[in-house]
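Using the sequences and the hints given, assemble the complete structure.
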Amino acid sequence: MSELLYFLAVLLSAVFTSNILLTNYLGMCSFLAVSKEIKTSLGLGAAVVFVMAITCPLNWMVSAWVLEPLHLEYLRFIVFIVVIAAFVQVLEMIVERVSETLYANLGIFLPLITVNCAILGASLFMIIRKYTLAESFVYGTGSGLGWMLAILAMAGIRQEKLNQSKLPRGLEGPAIALVVAGIMALAFMGFSGMGGGN
Amino acid sequence: MITAFLIGLGVMCAVVLILTLVILACDATIANYGPVRIVINGEREITVQGGRPLLASLKDHEIFLPSACGGRGSCGMCKVRVLEGAGDPLATELPWLNAQERKDKIRLSCQVKVKRPLRIEVPRELLQVRQYRTQVIGMRDLTYDIKEVTLQLAPGERIDFQAGQFIQFEVPPYALADEPVYRAYSISSSPAQHDRVELEIRLVPNGICTTYVHRYLKVGDGVTVNGPYGDFHLQENDREMICVAGGSGMAPIKSILARLAETGSKRRIRYFFGARTERDLFLVDEMRALERTLTDFRFIPALSAPQDGAAWQGETGLVTAVLERHVTSVENAEAYLCGSPGMINATVAVLKKKGMPVERIYFDSFG
Numbered sequence: 000m001s002e003l004l005y006f007l008a009v010l011l012s013a014v015f016t017s018n019i020l021l022t023n024y025l026g027m028c029s030f031l032a033v034s035k036e037i038k039t040s041l042g043l044g045a046a047v048v049f050v051m052a053i054t055c056p057l058n059w060m061v062s063a064w065v066l067e068p069l070h071l072e073y074l075r076f077i078v079f080i081v082v083i084a085a086f087v088q089v090l091e092m093i094v095e096r097v098s099e100t101l102y103a104n105l106g107i108f109l110p111l112i113t114v115n116c117a118i119l120g121a122s123l124f125m126i127i128r129k130y131t132l133a134e135s136f137v138y139g140t141g142s143g144l145g146w147m148l149a150i151l152a153m154a155g156i157r158q159e160k161l162n163q164s165k166l167p168r169g170l171e172g173p174a175i176a177l178v179v180a181g182i183m184a185l186a187f188m189g190f191s192g193m194g195g196g197n
Numbered sequence: 000m001i002t003a004f005l006i007g008l009g010v011m012c013a014v015v016l017i018l019t020l021v022i023l024a025c026d027a028t029i030a031n032y033g034p035v036r037i038v039i040n041g042e043r044e045i046t047v048q049g050g051r052p053l054l055a056s057l058k059d060h061e062i063f064l065p066s067a068c069g070g071r072g073s074c075g076m077c078k079v080r081v082l083e084g085a086g087d088p089l090a091t092e093l094p095w096l097n098a099q100e101r102k103d104k105i106r107l108s109c110q111v112k113v114k115r116p117l118r119i120e121v122p123r124e125l126l127q128v129r130q131y132r133t134q135v136i137g138m139r140d141l142t143y144d145i146k147e148v149t150l151q152l153a154p155g156e157r158i159d160f161q162a163g164q165f166i167q168f169e170v171p172p173y174a175l176a177d178e179p180v181y182r183a184y185s186i187s188s189s190p191a192q193h194d195r196v197e198l199e200i201r202l203v204p205n206g207i208c209t210t211y212v213h214r215y216l217k218v219g220d221g222v223t224v225n226g227p228y229g230d231f232h233l234q235e236n237d238r239e240m241i242c243v244a245g246g247s248g249m250a251p252i253k254s255i256l257a258r259l260a261e262t263g264s265k266r267r268i269r270y271f272f273g274a275r276t277e278r279d280l281f282l283v284d285e286m287r288a289l290e291r292t293l294t295d296f297r298f299i300p301a302l303s304a305p306q307d308g309a310a311w312q313g314e315t316g317l318v319t320a321v322l323e324r325h326v327t328s329v330e331n332a333e334a335y336l337c338g339s340p341g342m343i344n345a346t347v348a349v350l351k352k353k354g355m356p357v358e359r360i361y362f363d364s365f366g
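In order, the protein sequence lines correspond to chains A and B.
The numbering of the first sequence is numbering that gives the first Met the number 0, which starts it at 0 and goes up by one.
The numbering of the second sequence is numbering that gives the first Met the number 0, which starts it at 0 and goes up by one.
Calculated directly from the structure, the hints in this document are not laboratory data.
Among the clues, some could well be false.
[Unchecked claim] DSS-like cross-link-like pairs, simulated, lysine-lysine; straight-line CA separation at most 30 Å:
#1 A/K35 / B/K78
#2 A/K38 / B/K102
#3 B/K114 / B/K102
#4 B/K104 / B/K78
#5 A/K38 / B/K104
#6 B/K217 / B/K146
[As the list claims (entries may be wrong)] Chain B residues, not near chain A, derived (Cβ > 12 Å throughout):
#7 D144
#8 H213
#9 D220
#10 G221
For each residue, glycine too, the CB sits at the ideal point set by N, CA and C.
Put into structure tokens, the structure is as follows:
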């Protein structure tokens with residue numbers, strides 16, 4: 000039972016208290032570029048959740064079973080990137096084969112994700128935090144969900160509020176989006192301290 | 000030290016090798032759709048290797064859809080009707096499709112991957128589109144900035160087109176282009192000539208194709224073209240014709256006039272040609288010769304800025320103003336316009352004011 004609670008804590012902290020986008024500011028480029036509509040950001044968000052949930056344990060296995068025994072920790076960055084890129088490539092083929100709808104809604108975002116630093120960031124954080132294989136899966140899922148939550152919130156604000164508002168010219172587009180992201184990050188700071196000071 | 004380095008190198012290579020093998024295996028199994036049948040217009044059937052974009056698959060079978068970007072989904076020209084087998088349009092296509100096109104199942108063929116048997120509809124005239132390897136056999140200066148280029152088809156090859164249509168000219172990579180670039184040019188020669196085409200190409204400052212033609216191309220060079228394309232062409236009927244052109248807009252009109260002369264047409268034709276100065280006028284002798292051949296044809300050049308002191312006897316003013324003065328009745332007339340978008344818009348406005356219904360105004364605008 001306590002094990003389950005612990006997993007829940009890892010998940011929730013990845014989603015809220017240490018949200019990879021709003022506390023680490025990772026994955027900003029697609030966050031700014033694809034957050035104009037709720038529908039497309041939902042597709043991108045779902046793709047990120049899926050890819051993170053799989054690549055974290057995948058990279059954990061490569062790291063724990065190949066790199067660490069051979070004392071090749073310094074190769075982590077490059078190996079992780081290659082593993083992520085290959086996985087996304089294969090995933091795209093599978094999605095395209097299996098379901099047209101899924102490909103139309105999610106598959107077209109996959110090439111975007113290959114170079115998303117949040118994905119690599121999650122894999123590197125899970126090593127720094129010395130998670131186990133199971134924890135890395137939970138952490139990857141949580142980080143993805145947190146990223147999706149942030150981009151959905153941003154898309155909601157942009158679609159419903161910013162599009163209808165009159166902005167000074169210098170603040171249009173990415174500028175106001177960054178200001179909004181900053182305020183969202185402040186709001187998310189309010190989550191820290193929850194979960195018993197872990 | 001050396002061992003550590005070699006282990007690192009070996010592991011890195013092994014990881015990349017394994018991943019490459021995994022991807023190759025997936026490519027050969029998951030992404031292998033085998034041979035797929037495509038039925039075109041319910042009559043012709045081709046079999047292609049599945050998994051590739053429809054545009055490229057059709058090209059392998061010598062069916063050329065117009066495309067300017069080469070399949071990156073950024074020009075929106077390669078539209079085709081897919082009746083069956085392609086699912087819903089992708090997000091990459093939506094910006095190019097309006098509501099009516101979506102309802103009609105129009106797709107961008109470069110974004111549709113052939114995975115299941117397809118039923119598609121290709122406009123009949125596009126099935127006649129082919130790629131031709133040609134040779135430049137003539138280059139002549141029509142004005143200081145317009146060249147006439149004559150392309151000879153390979154022996155035994157033959158092109159069928161309607162007067163007024165255009166072809167795409169392939170510019171090979173050179174100083175201004177990193178990859179092959181395609182530009183559309185109207186054919187100025189008669190459709191009765193099946194073994195060669197003539198183009199009139201005006202030098203545009205920094206234009207990729209026009210610079211290539213004016214500065215690099217010479218007689219004897221090989222040129223790849225594909226075509227014919229376009230729904231701007233001579234309508235076979237007995238209506239009076241009002242033609243308006245400017246600059247290299249002369250080309251399709253010249254082809255149309257040649258066709259009319261060859262068929263011994265008795266139609267009443269008035270051709271208004273707009274130019275700035277006498278320097279910008281060309282093919283005047285050919286047009287005067289056509290006035291004698293054709294039953295009822297008049298060529299009316301209009302200069303908007305005739306040089307002082309020059310002995311210009313003809314019309315002066317903008318071609319639209321000259322048109323307005325000359326045209327009285329449009330009751331039984333149709334119009335053929337070719338030139339810049341500005342000229343076309345102004346001319347359409349004049350013709351509409353005169354009472355010509357828009358569906359009888361045909362135009363080819365080069366933007």
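Hint check results:
At roughly 27 Å between alpha-carbon atoms, A/K35 and B/K78 fall within 30 Å of each other, so this suggested pair holds. Annotation: proposed proximity of A/K38 to B/K102 holds, straight-line Cα distance about 21 Å (limit 30 Å). Between B/K114 and B/K102 the CA atoms are separated by roughly 22 Å; this keeps the pair inside 30 Å, and the hint holds. Restraint check for B/K104 and B/K78: satisfied, since their Cα atoms lie roughly 10 Å apart, inside the 30 Å limit.
In summary, the hint linking A/K38 to B/K104 is supported, as the alpha carbons are separated by about 22 Å, within the 30 Å threshold. For the proposed pair B/K217 and B/K146, the alpha carbon gap of about 11 Å is at most 30 Å, so the pair holds. Every C-beta of chain A lies more than 12 Å from that of B/D144, the closest at about 40 Å, which supports listing it as non-interface. Non-interface call for B/H213 relative to chain A: holds, since the shortest CB-CB distance, roughly 40 Å, exceeds 12 Å.
The beta carbon of B/D220 sits about 39 Å from the closest Cβ of chain A, which is more than 12 Å, so the claim that it is off the interface holds. With 12 Å as the threshold on Cβ separation, the claim that B/G221 sits away from chain A holds: the shortest Cβ distance comes to roughly 37 Å.
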